[in-house]
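In the order they appear, the protein sequences are chains G and C. The numbering used here applies: residue 10 is where the first sequence begins, and numbers increase by one. The numbering used here applies: residue 186 is where the second sequence begins, and numbers increase by one.
Careful, some of the hints might be misleading.
[What the hints assert, rightly or not] Over 10 Å on every C-beta distance to chain C, these chain G residues come out as not near it, computed from the model: (1) Asp47; (2) Glu48; (3) Arg57; (4) Asp71; (5) Thr138; (6) Ala168; (7) Lys170; (8) Pro202.
[What the hints assert, rightly or not] Computed from the model, here is a short list of chain G residues facing chain C with C-beta under 8 Å: (9) Leu24; (10) Thr29; (11) Ile31; (12) Leu42; (13) Ser43; (14) Pro44; (15) Arg83; (16) Gly88; (17) Ser89; (18) Val101; (19) Arg117; (20) Phe153.
[Claimed, not checked] Among chain C residues calculated to face chain G with C-beta under 8 Å, some are: (21) Ala241; (22) Arg250; (23) Gln387; (24) Phe506.
Hints were generated in silico from the structure; no laboratory data involved. Remember, it's a predicted structure, so these values are computed and weren't measured experimentally. Note that the Cβ used here is the ideal one computed from N, Cα and C, for glycine as well.
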Amino acid sequence: MKNGFTYFLGLFLALALAWTGIVLGSHAQLGRLSPYFDENEGKAFPERMAGIAARGQLVYQDLGCAACHTQQVRRPDFGSDKARGWGDRQSVARDYISQAHVQLGDSRIGPDLANFGARPLAVDPDRLTQYLYDQHGGMPSYRFLFDERKITGERSAKALKVAAPAGTEVVPTHRAEALVAYLQSLNNVYEYPEARPVEPAAAKEGEHK
Amino acid sequence: MTTVPPAAETAEVTEIDSSARCSLLLLLTCAALWLVLSGVLAVVNLVQLTTPTFLADCPIFTYGRSSALQQSIFVYGWAANSGLAVALWILARLGGEPLRSLNWLKAGTVFWNIALVVGLVGIASGDGTSNAWLHLPRYVLPVMVVAYGVIAMPGVLAWTGRRSPMTFAAQWYAVAALFLFPWLFSAAQMMLVFAPERGVLQALVAGWFVQGAWTLWLAPLALAPAYYLVPKITGRIIPSYDFASLSFWTLLFVGAWTGGRHLIGGPVPAWIATIAVVSCALLLFHYIVVGVNLRAAFSANGSTVLRFVAFGLGAYVLGGFIDAATAMRSVAVVTQFTHFSTAQSQLALNGAFSMVVFGAIYFLGPRITGRAWPSLGLIRAHYAAAVIGVTGLVLALFGAGWVQGHDLNDATVSFATMAAHTRPWLLAATAAQAVLLFGNLLLAAHLFWIGLAKSAPATGLFQSAPTMEASVS
Chain G
10 MKNGFTYFLG LFLALALAWT GIVLGSHAQL GRLSPYFDEN EGKAFPERMA GIAARGQLVY
70 QDLGCAACHT QQVRRPDFGS DKARGWGDRQ SVARDYISQA HVQLGDSRIG PDLANFGARP
130 LAVDPDRLTQ YLYDQHGGMP SYRFLFDERK ITGERSAKAL KVAAPAGTEV VPTHRAEALV
190 AYLQSLNNVY EYPEARPVEP AAAKEGEHK
Chain C
186 MTTVPPAAET AEVTEIDSSA RCSLLLLLTC AALWLVLSGV LAVVNLVQLT TPTFLADCPI
246 FTYGRSSALQ QSIFVYGWAA NSGLAVALWI LARLGGEPLR SLNWLKAGTV FWNIALVVGL
306 VGIASGDGTS NAWLHLPRYV LPVMVVAYGV IAMPGVLAWT GRRSPMTFAA QWYAVAALFL
366 FPWLFSAAQM MLVFAPERGV LQALVAGWFV QGAWTLWLAP LALAPAYYLV PKITGRIIPS
426 YDFASLSFWT LLFVGAWTGG RHLIGGPVPA WIATIAVVSC ALLLFHYIVV GVNLRAAFSA
486 NGSTVLRFVA FGLGAYVLGG FIDAATAMRS VAVVTQFTHF STAQSQLALN GAFSMVVFGA
546 IYFLGPRITG RAWPSLGLIR AHYAAAVIGV TGLVLALFGA GWVQGHDLND ATVSFATMAA
606 HTRPWLLAAT AAQAVLLFGN LLLAAHLFWI GLAKSAPATG LFQSAPTMEA SVS
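Excised from the complex, chain C in its bound form (with noise of 0.2 Å):
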């Protein structure tokens, strides 16, 4: 099996780019624009941790209410448009035709932030329904389910379609994301809100969707991109392509059964737990390979793309490990419940993630728009904000979390000595997020900059790989 993309070899610009230049452009604004609108809210929610005060007569801006905006608003706001546009975009290249049915595309786009639009209102104004990653009201949940899968239809129709037979790893990663997230995303809304489980059942599969829509559906959406950049820049193949089919089945088969690790020692039968720490023992596996396969990342230098890229496989890898030591039961009576389980998400979703999809959407830019990146230094000071950001993020939460941990441990600590400890430590993960903030912003500008530009110069100049690239050398 051949591992360089087959795109390779012609010219860098083609119809399966121009072609889909609105539909996809469509996705990627969208998500942007939740992007900075979910930092604000971050750091509004990071704010009211230390200052309670913080508009906290407005029953909108109470914490409960806006950290279920914030967490919506960045899934499926931002990582759901994001996502899907990268995957699309993937799936087209690879198949090798350009991506059929785009009007749906589009209605399916518009239907599926409109939606989002009504339940982000439903929440502030009290319909929430309380579910982590499961917060908007039930009347916009079948909505959502159809316009995921009319988005979805263009890259099913390109892998259905593919001129090649064989199949590689990005689309395995691409497809599997389109097809398990509306069977999860539905299996959820009945057992949770149109016929919840009874009692401490609703918990178990809150932790199953919650789990199963970060390693069915959005670590996928990232790996997909990884798999097809890296092999794509470096010019190097991948390793072991036996070994990454592998890796993949242990994601599907394993990762949603880890979600039982936030329940250790909670009302729900023990072998859950026990379940979860084995299941994250056996996903450390799938980790390890997608380290070992795409380290070209991490040696490549010149290109901007690939930092973004690499720096969010670290994060994913990283991730990974540190899950698994949570899931014991002698670390997760610290971390459980505090701040260290929020930092956790935070290395996974802005770190991971996001940082890979936003080295995608670097490199996919200029080739759906013919344009080359109007401002280099735009680029490199938002890679240097979101690692600033995430970094600093990441770390203080982490600091936090343990600071946290132990004081809850300790009986005699109060909850006010704990806000006093755990103060230096929010302190600085809002500054982190404010520098987050701030490069998304950058993101968010530069897009508009490159996607409303009127008169596109003549693809030619840039049909050479080198001037497409974000490079900075």
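So that you can see chain G by itself, here it is in the shape it has in the complex (with noise of 0.2 Å):
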């Protein structure tokens, strides 16, 4: 390796050819998926997501809820995924295409939320406010995002059903609201045609599995 030319070369052609290879070629694939039409709903998928959820996508990345939560489903006969009931079908690129920032994840020590707006505890908005506020088996509580002051007039309605000093009252703070709106906005249910899981047994002979 006398040639330090060839050596600088060697590293650059290196680096270059992995960005290359993985980046301008998944690009390639994915960069220009659109939503899908669909004529008969009379609307476009993956919906755009409103202002209070995108700003509460970015609660959920401040407060790195990625370091335990997924945000995707693997396919049926890849790990219990669909048995947990976390989504019916595998996650597709297109689901991901209209979020600012993508989330996900690396790891489970929680269940995954590909899918949660779609789960009983995310109906309900004042029940998942509670859960935030509450501590829950693994999960710690995230008081932080509520405020606890004096009722001045009347009692909020937003005010949580918790034990607070007497003329006090705990409420969600504008984070809190926002990344409840985000959570229950977590629902790609809308099945593409490259979504639809494949059937390993209806394959035929002469026919590609």
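Got two chains here, separate frames each, mind docking them using the hints?
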């Protein structure tokens, strides 16, 4: 390795090739994915995230929720994702195209949240807000997302049903409300053509599996 | 090509070592402080896994943030500072000239570490980006790229201005790490933070960056001292330099392609995971060559420096084989998304990288300060604590991950039951991490001791190699 130029070129190529292959290669394949317009329903999927939910995604990001929760459902025969009720179909790239910051996650200390919005806990916003305040199993409480304040006039409609000193109430902050709205928005149920589960048993002679 | 480093025939301490004393000690002191801090946070994180209420009311220490802080401190605080210090010193020694532009080096170190502090405050207060290995907020990232370039400059000058046109394996690895990281780091910043890619492409870029940061930056930073120290201390030549070169290029060309193994089954093209499996298998060639070429480290007795390096090399090669095994879909179905992956990264970072760099620090410390280490006992205690800590931590996390993986695949097991099953393993991991932290505290204390010692004794006392050695015999 006497030749410095060859060495330098090698370094550059090593980095550039992997980048070209992985990043540009998948960009060529997925970069132009567009929302899928369903004529029967008269709208395109995935739907755009509401403003408050998009703000909630920032809360999800800054608290590092992805340290314990994934947002990706694997195909039914790979792991127990479907059996656990995390989703009927595997997640596909099109599910994520409208998200500003994709939070796939790489650790499942808690359950997957890709379709969390469809689960009983998420359907009722008050219950979900209360859930974030309390501590449940392995998930810590997020009390710093709530304000304890004096009741002035009437008790707030948003106040949680928790024990608070007399004359005070516990109300969710804007951040807590945004996070709840985001978690409720997580729901990829629309079945895109590419998301239909592969049926391995259906292969016949002369047909590709 | 001769394979015995040229400094061997001259005096042990020369102008090359003493001139860089302040600059390298600055890097190493910062590194040791960050290492201790990251160890404290690692203990906090592990306690939180078994006791979720621990510090939960404090937003800074909520698990997501404190684990991001811990990771950033380890990688950009400890690994970057210490790896660069060792790489620069090796490049100076093998180049045969004292390091140049040392004031720039000091300025770069100060800027890098100030930017890191600001970035950590940013993560703690909610500006983190939630990208693995790139949690630091956007406003410090450009400063860090420039600071890295400034720190790397003396190393590049030592490489281009080397006395001999011949080069050594240690130099290839060190220079590769100096050059490749700024490219990799700035490309990842562009595609993840400043102009984020669309949809799952972000996850692909993140996978490429994390894997690249290991195979193109930290692994070379650890292999440079390994390739320098093993032949130098044992006095034996590297068995095959041709294979060393092939193995070097294999790591660089194939390494970053293995990033997709974390995305098996995910919403990304299936070929990403397939290429990762193939690349992991190809990369085994690199690990085998490293193991065979540096096997002298395992048979050397007497030198504590070599013991650190040998443990690190063992962890490095073992980690390569475990990575290849878990890239297989049949294994990944159990290990994916579990503590098993954490164990793998701990094996690489605490086991391979840190141990080799510890060895290098114990080797270069007396040479740049002109004093022998004040206490051999402290070094032995650090070695014992590090070996027990790393082994315990990695084994406990492997156990926890395996249990967790099987529980996850059984839909009837609730997350509460899963937490109960992994609890004993995680408690063991916490204890091991605490032992590791204790060992690393010893290193930090020792480094302050040797660095702050006022009257450096005459270097003549330390001109012979054996006295410089942290040798046990």
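**Request:** List, from low to high, the hint numbers that the structure doesn't satisfy.
**Result:** Checked against the structure, the hints that fail are numbers 4, 10, 13, 14, 24, while the rest are satisfied.
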